[in-house]
Amino acid sequence: MGHRGRHRRRRRGRALRAGLAGTALALTAAATLISASQATDADDPGALKPLTAASETAPLRLTEESVPGDTLGRLTAGMGPPVGVGDVLADPDGALRDAADCPDDDRRALPVEPAATRAYCWPGQETDGWRAGAVTTSGDADEDGRWGENRVILSGWTRAAGTAAEQGLARVAFVNAGDAGELRYTWALLAVPVDGGRDYRGLGSTVSGMVWYQDKLLVTTGRGEGGALYVYDLDRVQRATVEGTSVGRVPGGWSAAGARYVLPAVASYRTAGAGAPQPGGIALDRSTAPDSLVAHEATPADEDGPTRLWRYAFSARPERSGLLDADPVAVYETELTHVRSVLAHRSGWYLGRMTGTPDERGTLWRQDTEGASPTRCGADETHRCWSGEATSLSYWQETGDVWSQSGRMLFALPLASVDRSLDD
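Counted the way mature numbering (1 follows the signal peptide of the UniProt record, and there is no 0) counts, the sequence shown spans residues -42 to -1, 1 to 382.
One or more hints might be untrue.
Once the Cα atoms are required to be at most 25 Å apart in a straight line, the calculated DMTMM-like pairs of lysine to aspartate or glutamate come out as [stated by the list, open to error]:
#, residue 1, residue 2
1, K7, D377
2, K7, E356
3, K7, E261
4, K7, D326
5, K7, E201
Quick caveat, the hints were computed from the structure, so don't treat them as lab data.
The task is simple: from the sequences and hints, build the whole structure.
Now the structure itself:
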């Protein structure tokens, strides 16, 4: 019996929930004050418009390119046998801090309404010069919420400062979420094999979306990587053997820009042709049959829209575990602009939207083919109460929580609380 068969039978552990003290998420008056002039940001975009013409769906067909097996084999021969996720979690670099112990400047990135029920911050010394990106969890990887014996959160980051060689590097933190009171993390560099597996380079792109499904991690990239969707195998985590800022093969071994682990890509996807829509944020939808990956279109900050949304089915073939079918199974258009995060569950699409600069409040919408509703800020008539920096939404089906990340804050809240906050 393979790895997947073994870990599906393990019993579910206790739910990954813990209440936060009220003071932990208390924001200053300056952070929560939302002016009446912002109410105009809730202009109704109306219903999603299905796009069915071949001219609208054909550009979204995926071209898949696999890294040759001998390339991966040569890299493994050089670096040593891969390690498992459990081995990475058992070798932590540090621990997150509970929201109550986080600086006020960090906590201002949290949404006001609906409020987070769990929140943590990353240490400044670990994340200075890095920009937070997407989040996915073992709740995506398997419906029982576990990977083996572990509950895991994966948090993506992109290097935003440093030398020219360092800028644009991408890494993922493996967060051990088994103990809600002590989340510990380990860094792994995202890489791409080169020279037939004799070396690797860093993935040079913003990590705007991630989905962990079965044994694969799918990562969206920006223009630096041509808008590709890269695929990583969670059974192919490699150890770096040399400390330092370099990436790849160096005298004496292998370096990963300060990380002690490396994830080499095993495949990539691209949409068809020049000018084809590229995925920005992505998320897993387990409410479809088969399970599917949903995406929103990556658009420039100055573009007025509309924005396309679409989904791909995951392959049902065992030999293609965690990989996608090429053709989109549904495509829509929304009048919402500046969409930065997406989640789909049942008939609803949840869309996080920037409404100004990243440090300003954003809006969170639920939209379907019948209409749209934003979350509202309590009894207030305003709607800018979501986090403007959040670029990812990940639904943990077992617990009912949605995980996201904004600035240095990693947080969760029930999907049910989002639905209760809708301004219907």
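Hints versus structure:
| no. | hint | verdict |
| --- | --- | --- |
| 1 | K7 x D377 | 22 Å, holds |
| 2 | K7 x E356 | 31 Å, violated |
| 3 | K7 x E261 | 19 Å, holds |
| 4 | K7 x D326 | 9 Å, holds |
| 5 | K7 x E201 | 51 Å, violated |
Of the numbered hints stated above, those contradicted by the structure are hints 2, 5, listed in ascending order.
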